[in-house]
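*Asks:* Which chain is which? The protein sequence lines are A and B, in order. Per the numbering used here, residue 1 is the first one in the first sequence, and the count goes up by one each step. Per the numbering used here, residue 1 is the first one in the second sequence, and the count goes up by one each step.
In short, the hints are calculated from the structure, not lab data. Note that this is a predicted model, so its numbers are computed, not measured. No false leads were mixed into what you were given.
As the list makes no split between identical chains, a pair holds if one copy fits it or if it spans any two.
Straight-line C-alpha distance at most 25 angstroms; calculated DMTMM-like pairs for lysine to aspartate or glutamate:
1) Lys-282 x Asp-140
2) Lys-323 x Asp-173
3) Lys-168 x Asp-291
4) Lys-323 x Asp-171
5) Lys-282 x Glu-148
6) Lys-110 x Asp-275
7) Lys-334 x Glu-302
Next come the chains, spelled out residue by residue.
Protein chains: 2
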Amino acid sequence: MAELGPFRVNPDGKTLSRNRHAWNNVANVIFLESPAGVGFSYSNASVESGDSGTAVDAYLFLLNWLERFPEYKGRDFYIAGESYSGHYVPQLATVIVALAEFGLTDMNLKGIFVGNPYLDDYMNTKGSYEFLWNHGVISDEVWGNISEHCSFGRVEGTACGQAKKSFKIGDIDRYNIYAPVCIESPDGSLHSSSYLPGYDPCIGAYIDAYFNSPKVQKAMHVRTNTKCNLHWTDAPVSMVPTLAWLVDNGLRVWLYSGDMDDVCPITATRYSVKDLNLAITKPWRPWYTPDSEVGGYAQQYEGGFTFASVRGAGHMVPSFQPKRSLVLFYSFMKGVLPPAVSVWSP
Amino acid sequence: MAELGPFRVNPDGKTLSRNRHAWNNVANVIFLESPAGVGFSYSNASVESGDSGTAVDAYLFLLNWLERFPEYKGRDFYIAGESYSGHYVPQLATVIVALAEFGLTDMNLKGIFVGNPYLDDYMNTKGSYEFLWNHGVISDEVWGNISEHCSFGRVEGTACGQAKKSFKIGDIDRYNIYAPVCIESPDGSLHSSSYLPGYDPCIGAYIDAYFNSPKVQKAMHVRTNTKCNLHWTDAPVSMVPTLAWLVDNGLRVWLYSGDMDDVCPITATRYSVKDLNLAITKPWRPWYTPDSEVGGYAQQYEGGFTFASVRGAGHMVPSFQPKRSLVLFYSFMKGVLPPAVSVWSP
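Just chain A, with the same shape it has in the complex:
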């Protein structure tokens, strides 16, 4: 409702408006609330959750969904996600690819597409501080201290902890360090601290109001009073081996980064891409949107693995740069790098 979907919630918390750059302009999209417990999804069985369980649950959901809508069986299928989907998406893909190799599934998985992915516990931490430093948010001195005292490994000393606490970034949005923020007035009303076309930092509050309306809940046939109470049991430190295995097994794997995000920053994703240790086949170059803007940069590696940036976007790329995000998604589905020149229409 705030990103790639067909609708956005209006400030009244009750009505919707169309998102002109919704991804379902170019694909059929299923939105899956995953893992069980988030959103209106629920589970009667487990109180424990983890990466593996989530992958298997999502696979079973897809199996059942295809039984219910068999006309979609055999169609080209892609999985997309962002943030912690840096775990979920490659893990679900692994289940499907592994079963397909044994002829045990007929899902026609063509590729995965993950934005601002959380990939590696240590590299994400390192990348985040480095990003803050090289965007002027923290000083040379603070970054110097963090670099000196932190190993970005399993065990960190107190000097590292102190160095990490020794700065103030102020009231900026770590999901987009340049975006306006949502300000609450004394009367409780909300407004954006400044105007950024197409983006409203208060949209989370509108969405909350919308989905908490009994009318909406009734229309959606959801079970109400569900609670999100996840106890995470398993998660690999790094997703690099999983990604490497998928590339190795011929899957189209694209990662992308909105370049204004400090939560899963481009700097961190670059570290993990480097760790994949693949040869570059098409070096880093700009790509364009139909309105002649540089939408970002892209690089391709052996096996077709692709890493792209989306210029001027934060963590939730389709929220901040809807047009650029749609161009990149369309290119991913076509299996070609986005346009290298600015004369192009989708």
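Here the structure of chain A is known, so what remains is to put chain B in place on it, guided by the hints.
*Replies:* Coordinates of chain B only, in the frame set by chain A:
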């Protein structure tokens, strides 16, 4: 006309509109076309120009100006500039401070304020590539090559030259890597590639049209058909010694950086600030505008030397962030760091 002045030129190239965040809201401002040869200024005498001549010319201009408008004699006086003014402003200040110490001038110079300053030939080059790298514009591999083969000194080998040419940044504005660009349609009309409130990348063309109008030129009493033909004879490699001398001699010196500029990037300015080798008295912290936005970050050093960033601004800070630029300028004149909390009105 595109930055801190009271007016902006409209797209018709003929009419003006008010800039609500003009600096003359809080100070009397003289705009000086310097050195002789730029804009409508001219010189009958010299074909050679340089840093020293420019400083002396500007000083003589001020002397004569104060004779013409003696009511301004003895008032607090500040010099501000941006870009190559990283040379002009400290050099003019040096003339005034040096003469004042001998009791030879009564100009009451209180401070200098320079944005995105060009300070050091080598550090500017190094800072620019490093900035492009850590903003995702060039790849790890290209930056690796540049770092390996370039010394950022007087002599560079061919390997450095090749490394510096081995990338494409595409059609982005190096004065603000995230700003929209000016697009020329086949019919010759101009438009911004996308909408950024308060900023029009085509304004340069409107200003050209405006100042080339005979009516405007007549109203301004300017000599027409002047030509800019500068042959530069002297410029120091680094302005750090000059800045150090000014701080040492008690002048209020503030530098600031719009953090989206690749031409005189914050990364480069940080190198020169470091080279000043002053002790930090107030560490890097966010500062706020009255609308509760983080306007940037600021750090103070012994002697009151201050370095600040302006968040979300390019090279021409008042063009991209007029409100933030006015808050910072006002704080500079008051001689206090800009607000550390968000509840504040000027």
